[in-house]
Amino acid sequence: MTLFKKVWRTPVVTEPLTPAVESAQIEITARRIDESARRLFGRSLHIREVDAGSCNGCEIEISALNNPYYDLERFGLHFVASPRHADCLLVTGPVTRNMADPLRRTYEATPDPKLVVAVGDCARDCGIFAGAYGVHGPVSAVVPVDVTIAGCPPTPRMILSGILAALQMREQRPEDPKHQ
Amino acid sequence: MTVNQSLMLNLFTGMLASFAVGAAGALLSGRWPRASRWIGHSFALIGGLFALSLGLGGLLGGVLSLSITQLLPVGGMGLGVDRLSAFFILVVGVAAVPSALYAIGYTREYERRHSIAGMGVSLNLFLASMALVVMARNALTFLALWETMSLASYFLVMTENDRETERAGWLYFVMTHAGFACLLGGFLLLSAATGSMDFAGWQAGAAAVAGPTRAVVFVLLAAGFGSKAGLIPLHIWLPRAHPAAPSHVSALMSGAMIKLGVYGLVRVGFDWLGAGPSWWGGALMVVGAVSAVLGVLYAMVDSDLKRLLAYSSVENVGIILLGLGAAMLFQTYHLPALAALALLASLYHTLNHAVFKSLLFMVAGAVLYSAHTRNMEEMGGLIKRMPQTAVFFLVGSVAIAALPPFNGFISEWITFQSLLLSFQIPDKAVNLTLALSVAALALTSGLAAACFIKAFGISFLALPRSEPVRHAREVGLAMRSAMALLTLACLVLGVAPFVVLRFLSKTTAELLGATPDMQFSWSQLVAGGSFATVSPLWIALALVALLASIPLALRIFRANTARRYYETWGCGRAVQTARFEYTAASFANPFKRVFSILYKPVKELAIEFHPESRFFVRTISYRNDARSIFDESIYGPLNRALRSFAQRVRLLQSGNVNIYLLYILIALVALLIIAR
Chain A
1 MTLFKKVWRT
11 PVVTEPLTPA
21 VESAQIEITA
31 RRIDESARRL
41 FGRSLHIREV
51 DAGSCNGCEI
61 EISALNNPYY
71 DLERFGLHFV
81 ASPRHADCLL
91 VTGPVTRNMA
101 DPLRRTYEAT
111 PDPKLVVAVG
121 DCARDCGIFA
131 GAYGVHGPVS
141 AVVPVDVTIA
151 GCPPTPRMIL
161 SGILAALQMR
171 EQRPEDPKHQ
Chain B
1 MTVNQSLMLN
11 LFTGMLASFA
21 VGAAGALLSG
31 RWPRASRWIG
41 HSFALIGGLF
51 ALSLGLGGLL
61 GGVLSLSITQ
71 LLPVGGMGLG
81 VDRLSAFFIL
91 VVGVAAVPSA
101 LYAIGYTREY
111 ERRHSIAGMG
121 VSLNLFLASM
131 ALVVMARNAL
141 TFLALWETMS
151 LASYFLVMTE
161 NDRETERAGW
171 LYFVMTHAGF
181 ACLLGGFLLL
191 SAATGSMDFA
201 GWQAGAAAVA
211 GPTRAVVFVL
221 LAAGFGSKAG
231 LIPLHIWLPR
241 AHPAAPSHVS
251 ALMSGAMIKL
261 GVYGLVRVGF
271 DWLGAGPSWW
281 GGALMVVGAV
291 SAVLGVLYAM
301 VDSDLKRLLA
311 YSSVENVGII
321 LLGLGAAMLF
331 QTYHLPALAA
341 LALLASLYHT
351 LNHAVFKSLL
361 FMVAGAVLYS
371 AHTRNMEEMG
381 GLIKRMPQTA
391 VFFLVGSVAI
401 AALPPFNGFI
411 SEWITFQSLL
421 LSFQIPDKAV
431 NLTLALSVAA
441 LALTSGLAAA
451 CFIKAFGISF
461 LALPRSEPVR
471 HAREVGLAMR
481 SAMALLTLAC
491 LVLGVAPFVV
501 LRFLSKTTAE
511 LLGATPDMQF
521 SWSQLVAGGS
531 FATVSPLWIA
541 LALVALLASI
551 PLALRIFRAN
561 TARRYYETWG
571 CGRAVQTARF
581 EYTAASFANP
591 FKRVFSILYK
601 PVKELAIEFH
611 PESRFFVRTI
621 SYRNDARSIF
631 DESIYGPLNR
641 ALRSFAQRVR
651 LLQSGNVNIY
661 LLYILIALVA
671 LLIIAR
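These protein sequence lines are chains A and B, in that order. Read in order, the letters of the first sequence correspond to residues 1 to 180 in the working numbering. Read in order, the letters of the second sequence correspond to residues 1 to 676 in the working numbering.
Some hints here could point you the wrong way.
As the list claims (entries may be wrong) - Per label pair, the in silico range of CB-to-CB distance:
{"id": "1", "chain 1": "A", "residue 1": "2", "chain 2": "B", "residue 2": "554", "range": "50 to 58 angstroms"}
{"id": "2", "chain 1": "A", "residue 1": "18", "chain 2": "B", "residue 2": "438", "range": "22 to 30 angstroms"}
{"id": "3", "chain 1": "A", "residue 1": "43", "chain 2": "B", "residue 2": "570", "range": "42 to 50 angstroms"}
{"id": "4", "chain 1": "A", "residue 1": "80", "chain 2": "B", "residue 2": "531", "range": "44 to 52 angstroms"}
{"id": "5", "chain 1": "A", "residue 1": "73", "chain 2": "B", "residue 2": "621", "range": "50 to 58 angstroms"}
{"id": "6", "chain 1": "A", "residue 1": "43", "chain 2": "B", "residue 2": "550", "range": "29 to 37 angstroms"}
{"id": "7", "chain 1": "A", "residue 1": "80", "chain 2": "B", "residue 2": "597", "range": "35 to 43 angstroms"}
{"id": "8", "chain 1": "B", "residue 1": "109", "chain 2": "A", "residue 2": "144", "range": "17 to 25 angstroms"}
Stated by the list, open to error - Computed, partial: chain B to chain A, Cβ under 8 angstroms:
{"id": "9", "residue": "429"}
{"id": "10", "residue": "563"}
{"id": "11", "residue": "565"}
{"id": "12", "residue": "566"}
{"id": "13", "residue": "578"}
As the list claims (entries may be wrong) - Heads up, incomplete: computed chain B residues facing chain A, CB under 7 angstroms, no partners named:
{"id": "14", "residue": "277"}
{"id": "15", "residue": "569"}
{"id": "16", "residue": "574"}
Hints are computed from structural coordinates only; laboratory data are not their basis. Using N, Cα and C, we set each Cβ at its ideal position, and we do this for glycine too.
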């Protein structure tokens with residue numbers, strides 16, 4: 001009963017969405033990702049996120065891709081629960097000693113053809129964690145990387161652009177020896 | 001084709017002679033276990049073949065009538081074969097032939113440990129009494145053979161004489177005799193009311209019997225036959241006796257013996273008592289629906305493979321009863337064609353269940369034979385070690401889950417149609433009952449599919465969960481060929497049901513005086529005029545074509561079919577062992593939660609910490625058992641009441657001779673007063 005009372009008495013609080021220039025940009029980028037993925041894989045893009053030792057700053061930005069503002073699902077870009085279902089790995093963080101082997105296994109478990117996008121400064125060159133005792137190295141030291149996205153953390157828009165860049169690179173060179 | 005009586009008599013004599021030679025041979029060669037094993041089971045096999053032919057002969061129209069007056073008091077031994085008896089002889093034969101063949105290989109393990117001679121004698125006696133009891137034509141013959149069958153099966157259950165079988169055997173003994181007492185009471189009442197001990201006399205005189213007497217007779221006989229058939233709440237012996245018995249005996253008990261309870265119910269409802277009030281059929285339907293749903297729910301949560309199959313037998317008898325109850329209701333409302341259809345469905349399911357449940361029990365036995373476990377939590381990966389057995393189990397599972405192209409689908413389809421056609425009954429309450437029973441049957445089918453996904457998936461797929469299972473090997477030729485026979489039967493009965501349905505419709509015609517409301521040809525079955533149609537053959541062909549089209553489609557669309565072999569994805573874990581696998585208990589857990597009102601699960605979580613710190617755990621043990629509500633709410637109080645009553649009675653039994661003399665005096669005086 002208290003639930004109904006609360007539903008009845010709580011007023012609806014929303015703010016009008018201010019139209020941003022950015023949102024048109026995002027839409028264009030995401031559409032191009034989808035088109036490119038359909039050409040490459042014959043279907044929409046499925047992404048598996050791997051946290052290889054990140055501080056979770058990049059994760060917050062990545063999960064923002066699924067919020068109502070960016071709403072990636074409307075373009076057919078899905079985050080999936082298993083690398084078996086994925087076309088693209090989104091790897092964050094400096095690769096820690098404990099995560100090096102799981103990352104390699106995840107890479108192996110992803111069906112070919114696949115893309116690997118390293119997200120954030122740490123994934124690129126270990127960032128501020130470089131040289132720490134628990135850190136194994138950047139993502140490229142463990143698995144072949146297609147595109148690296150700089151930023152600490154990169155914005156969702158930058159992440160989208162990075163994925164698009166990876167797709168376009170693969171479209172230009174379909175038989176990339178990197179993943180063989 | 002006509003079958004004359006002398007051929008039937010020859011088949012009958014051949015059957016009895018084989019079983020007799022089998023029993024005698026097994027006993028005489030008892031000192032040489034191997035010889036005894038071969039003789040006992042080979043002659044049982046031959047006898048089974050004779051029974052099969054006798055059943056077929058009877059279905060083709062052969063009749064047999066025998067009377068040996070010297071053998072038994074009160075009317076002598078009366079035997080006869082009509083189409084219904086013939087059908088059940090056929091069911092016994094269908095279960096007996098592969099079981100005997102299987103037993104030749106399976107009982108090798110029993111040599112030197114248990115009495116092979118005893119098994120041979122009991123098995124032959126068991127088979128003979130099962131084939132004969134459906135031929136009985138008077139009350140005493142029936143009861144004598146019924147009791148022989150119960151005792152023979154009791155000795156078979158008790159083969160592995162350990163603690164588990166002792167308890168199971170005792171429970172079976174008590175339940176079967178409680179059922180026997182009910183039958184005896186019913187038979188005597190009916191005999192007194194009709195003035196005849198012959199079944200023919202009952203059939204003629206039953207209509208004149210007063211209503212209440214008929215009702216009491218019906219309830220007594222239904223309880224007696226129901227306890228043999230394993231209907232809830234009289235089922236409690238079944239999940240204990242089946243796992244305890246040797247596997248070929250479980251196959252026979254589940255495939256054939258519990259069907260004789262169904263035989264009895266058919267006789268009661270359509271032959272001995274004739275059409276009754278609507279609550280007879282209604283009661284059978286309610287009991288059937290409860291048995292079906294609860295049976296499969298209990299099967300779902302059990303991790304003992306043979307007990308799972310035993311509970312599934314409860315479920316299937318429930319499905320058979322749904323058809324049977326519907327047939328009785330249709331008969332009450334004078335819809336003979338529909339009654340025949342429902343009876344046809346229930347008889348066909350009886351045959352089908354005999355085929356696939358025998359098969360499944362044999363597979364469970366094969367696993368037990370080569371991996372020495374019945375516990376599904378210890379199995380896994382058997383498809384790699386026993387590939388043929390795995391195929392047999394898969395076919396049996398698909399058949400029992402009522403999926404095409406196998407036989408379970410056909411009989412459940414006909415059952416569904418006969419229940420759906422119940423709108424022709426002009427009574428709202430009955431319509432509602434039948435509509436609910438359709439829902440119950442649908443729920444049962446779905447749960448049965450889930451249950452056998454668990455049974456197959458946990459036992460045969462993934463990695464072995466224990467050391468003996470890792471070393472399991474494929475079983476011998478005798479066992480495999482027995483299972484292959486039944487697998488083939490599942491397919492044939494599912495693709496070409498018209499072969500059997502033609503004979504069955506004559507059986508129902510003989511009982512009810514009407515042919516079922518169904519047309520069938522080699523390619524399709526049409527129920528209720530043009531109410532529903534199914535084409536088993538086309539479905540089978542379509543399924544094959546669909547499977548074949550997958551590689552073709554991949555080729556046409558030029559899909560990437562490159563292969564790369566790598567380990568199973570285990571969330572990136574460094575170590576993967578069988579302990580990470582999905583277990584039977586975890587598969588069943590969602591069902592346990594949803595239906596917790598029925599299971600009353602007991603949860604126990606015990607964590608032992610390190611004495612120095614609570615952050616270090618030494619052991620964790622978790623239990624989540626389902627309890628049987630029947631054991632607790634019906635049989636527990638019953639047992640306690642019986643015990644306290646026995647305690648009171650013991651007061652009379654003081655051991656003092658003087659008191660006993662006093663009793664005698666009191667009895668004498670009382671008798672003198674009463675009998676003046």
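Item checked: Closest C-beta approach of residue 569 of chain B to chain A relative to 7 angstroms, hint status -> With a minimum Cβ separation of about 4 angstroms from chain A (threshold 7 angstroms), the hint on residue 569 of chain B holds.
Next item on the list: Starting from the hint 50 to 58 angstroms, judge whether the C-beta atoms of residue 73 of chain A and residue 621 of chain B obey it.
Entry: The hint (50 to 58 angstroms, Cβ to Cβ) is violated, given that residue 73 of chain A and residue 621 of chain B are roughly 43 angstroms apart.
Notebook entry, point to check: Does residue 429 of chain B pass the interface hint, meaning its C-beta sits closer than 8 angstroms to a C-beta of chain A?
Noted result: violated, 37 angstroms
Note to self: Between the beta carbons of residue 2 of chain A and residue 554 of chain B, is the distance compatible with 50 to 58 angstroms?
What the structure shows: Holds, at about 57 angstroms.
Notebook entry, point to check: For the pair residue 43 of chain A and residue 570 of chain B, does the Cβ-Cβ distance stay inside 42 to 50 angstroms?
Noted result: violated, 26 angstroms
Next item on the list: Mind checking the CB of residue 566 of chain B against every CB in chain A and telling me if the closest is under 8 angstroms?
Entry: Constraint on residue 566 of chain B satisfied, holds at 5 angstroms.
Next item on the list: Identify whether the interface hint at residue 574 of chain B stands, where standing means a beta carbon of chain A within less than 7 angstroms of its own.
Entry: Where the cut-off is 7 angstroms and the nearest Cβ of chain A is about 6 angstroms from residue 574 of chain B, the hint holds.
Checklist line | C-beta pair residue 80 of chain A, residue 597 of chain B: status relative to the range 35 to 43 angstroms that was hinted | finding: holds, 37 angstroms
Margin query: A range of 44 to 52 angstroms was offered for this pair. Does it hold for the Cβ distance of residue 80 of chain A and residue 531 of chain B?
Written below: holds, 46 angstroms
Item checked: Interface hint for residue 578 of chain B, Cβ within 8 angstroms of any Cβ on chain A -> Hint on residue 578 of chain B: violated, closest Cβ of chain A at ~19 angstroms, above 8 angstroms.
Notebook entry, point to check: For the pair residue 43 of chain A and residue 550 of chain B, does the Cβ-Cβ distance stay inside 29 to 37 angstroms?
Noted result: Given range 29 to 37 angstroms: violated, Cβ gap about 18 angstroms.
Item checked: Given hint residue 277 of chain B near chain A, where the shortest CB pair must fall under 7 angstroms -> Constraint on residue 277 of chain B not satisfied, violated at 48 angstroms.
Checked against the numbered hints given earlier, this structure breaks hints 2, 3, 5, 6, 8, 9, 10, 11, 13, 14; the rest are met.
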